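K.L.:
Now for the letters of each chain:
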Amino acid sequence: MRCGMNDITKMTALELSAAIRQKKISVTEAVNAYLDNIEKLNPELNCYITVCRDEALSRAAEVQSGIDSGRICGRLAGVPIAIKDNICTKGIKTTCASKMLENFVAPYNATVIDRINAEGMIILGKLNMDEFAMGSTGETSYFGSVKNPVNPERSAGGSSSGAAAAVAAELAPIALGSDTGGSVRQPASYCGVTGLKPTYSAVSRYGLIAYASSLDQIGIIGKNSADCAALFDVISGADERDMTCSKEFAFDYNSVRAENLSGKRIGIANEFLNVGLSPAVKQNLLDSAKRFETLGASIDYFDLPELKYAVPAYYVIACAEASSNLARYDGVRFGHRSEAAKTLDEMFVFSRSEGLGDEVRRRIMLGSFVLSQGYYDAYYKKAVTAKQLITKAFEKAFERYDFILSPVTPDTAPVLGESLGNPLKMYLSDIYTVTANLAGIPAVSLPCGYDGNGMPVGIQLMAKRFGEAELLSAATAFGKEADL
Amino acid sequence: MTVDNGLLTQLEALGKLSLDAEERERFAKDLNEILDYVGMLSELSSDGEDGVCPVSADSLRADEAAPTENPEALLENAETADGCFRVPRTVE
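So the sequence lines, in the order shown, correspond to chains H and G. Take the first sequence: its letter number 361 is residue 362 in our numbering, and every next letter is one higher. Take the second sequence: its letter number 7 is residue 533 in our numbering, and every next letter is one higher.
Quick caveat, the hints were computed from the structure, so don't treat them as lab data. Here the structure is a predicted model, which is why all the values come from computation and not from measurement.
Covered stretches of chain H (in silico footprint by chain G; criterion: 3 or more residues with CB under 8 Å from a CB of chain G, positions within the stretch not fixed):
| # | region |
| --- | --- |
| 1 | 94 to 108 |
| 2 | 239 to 249 |
| 3 | 331 to 345 |
| 4 | 352 to 366 |
| 5 | 382 to 395 |
| 6 | 420 to 428 |
Ideal Cβ positions, reconstructed from N, Cα and C, are used throughout, including at glycine.
With the sequences and hints as input, model every part of the structure.
P.N.:
What follows is the structure in C-alpha cells.
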C-alpha cells in the first residue's frame with residue numbers, strides 16, 4: 002500500500018528510509034511531500050532562508066536511480082534533510098543569517114555535506130538561525146525571526162532556530178545544526194524535538210563557519226534519538242581537514258538500543274534545581290528522573306559548585322574566539338563590501354559596521370576587550386581556568402555516574418521580542434547547556450512534557466566524552482518510556 | 527570595570543567597527559552589565575594553563591601542498607581584477 006503525503010511527513014527519518022527501500026514511497030514523493038509543507042508553512046514560520054526546490058527534485062531522481070541499481074545503500078538513503086545556514090554547501094548560498102554573507106555562495110562543501118550526500122540524503126534547503134550563531138532566541142537573524150510552530154508568538158529558540166522549528170513543523174524530517182553553547186539542544190527543547198550535541202571532535206567542523214572554534218560542534222535535530230543516532234553514524238569520524246577531529250573515535254551504531262537501564266547511575270547536581278528554574282521545568286525534571294528510575298536507573302544528587310562560573314567563562318571564551326574568527330569579514334575576499342568606503346581602512350570599518358548586526362558587533366567588542374592588554378589576565382585567563390575546573394568537575398562526576406541529568410533551559414520558549422533588549426538576561430538562560438561545550442562532552446535534549454501554556458519542556462542528558470552510544474541508548478529508552 | 531567613551535573608542539578600533547551615538551550609549555550600557563557579571567571570575571585564585579590546545583601537535587597532518595579543486599570559485603564572491611582581489615588604492 003502506498004503512503005499519502007501526510008503520512009510521509011509524519012514518519013521518522015528511519016521509517017521513511019525503510020519505506021523507500023520497500024518501495025512504498027519514491028524518493029521524489031518524499032521530497033515533494035516536504036516541499037509542499039515548506040511552501041505552505043514557511044512563509045509564516047520562516048524556518049528556511051533558501052529552499053533548494055529544483056536541486057532537491059533533480060537529486061531525488063538521481064538518488065532513486067542509485068537506490069534502484071544498488072549503488073546507493075545508505076541507512077538514510079532517500080531521506081530529505083535541511084541544513085543550518087552556517088554549514089557550507091557548494092554552489093548554494095550560505096549566509097549565516099547575516100547581511101555580511103547575504104550573497105555568499107560557498108565554493109566547497111563542508112565534510113558533513115559530503116558525507117550526507119554519499120549516504121544518499123537530499124538537501125531541502127538552508128535554515129534560518131541567529132546571525133553567526135550568536136543568540137538564543139532566533140531573533141538576531143538578518144532574515145527575520147523564526148516562529149515556534151507550537152505557538153507562533155513564541156521564539157523557536159536559538160541559534161539553530163530554523164532547524165528545530167522545521168523538524169517540529171514537519172518541514173524536514175531531520176536537520177543539521179551547530180551547537181557552541183546550546184544552540185542545538187535549546188531550540189530542540191523549545192520546539193519539542195530531540196537535539197544531539199556530540200562530543201567536541203567527534204564530528205568534523207571543516208566547512209562549519211567558525212564562531213568559537215574550541216566550543217563549536219555540528220549537531221543534529223531529529224524527531225527522536227534513534228534518528229539522531231543514525232545521522233550521527235553518517236557524519237561522525239576522522240577528517241584530515243579538521244585537525245581537532247578525533248582519529249580514534251568510531252561510533253558503534255549497532256550497540257545503540259533501547260534497553261533496560263538497570264545498573265546505570267544518573268547524577269543530578271543540586272545546583273541545577275536552584276538557579277531560577279521555573280516550576281514547570283523543575284517538575285518535568287523530577288518526573289523525568291522518576292521515569293529513568295522506572296527504566297531501572299538509580300538517581301543520585303551531587304554538588305557542582307563550579308556551575309556558577311559556566312556562563313561567565315563561556316561568554317568570555319566564546320567572544321574572545323569570535324573576535325578573532327570574525328576578523329576575516331573585511332570586505333576583501335567575500336561578504337558585504339561598503340560602497341561608501343574610499344580607503345582600505347574605511348573599507349574594513351564600513352563593511353563590518355554595515356554588514357554585522359548588533360549582537361555580533363557586541364560580542365566582537367566584548368571579545369576584543371577580554372583579549373586586550375591589561376584585561377587578558379583578569380578575564381580571558383580566568384575564564385580558561387574556569388573551563389578547566391568545570392571539565393575536571395564533570396570528569397570527577399562521571400567516575401560516579403554514567404549520565405548527568407539536567408534541565409535544558411530555566412524556562413520554556415519566551416514570547417518573541419521579550420529578550421532582545423536585555424542581552425545579559427539572554428546569556429543567563431544558557432546556564433545548563435554551556436557546561437557540555439566547556440567540558441567537551443556529548444549531550445542530548447529530549448522532549449519530556451509541557452508547561453501550563455502548552456509549550457514543550459525538555460530535559461538534558463549528558464555523558465562522558467565519546468559516550469554517544471550509551472547516551473543515545475539511554476535517550477532512546479527514555480523516549481519510548483515517555484510515550485509523548 | 528567601566529566601559530567609558532575612551533575604552534569604547536579603543537574597542538571600536540580593535541574590532542574595526544564604527545558605532546553611531548545611539549549605539550555607543552547602548553553598547554556601553556550592555557558591555558558594562560556583562561562585564562559586571564563576568565567579573566565574578568576574579569574570585570578564582572589559580573590561573574589555568576594558557577592556550578590549551580584540544581589536540582596534540584603530533585596529530586597534525588603533513589604540511590604538504592595539495593591542489594585546490596576550483597580556485598576560480600574562490601574569487602567569485604569578491605571584486606576581482608586579473609585573478610586578484612581588488613581593494614581601494616593604498617599607495618599613490
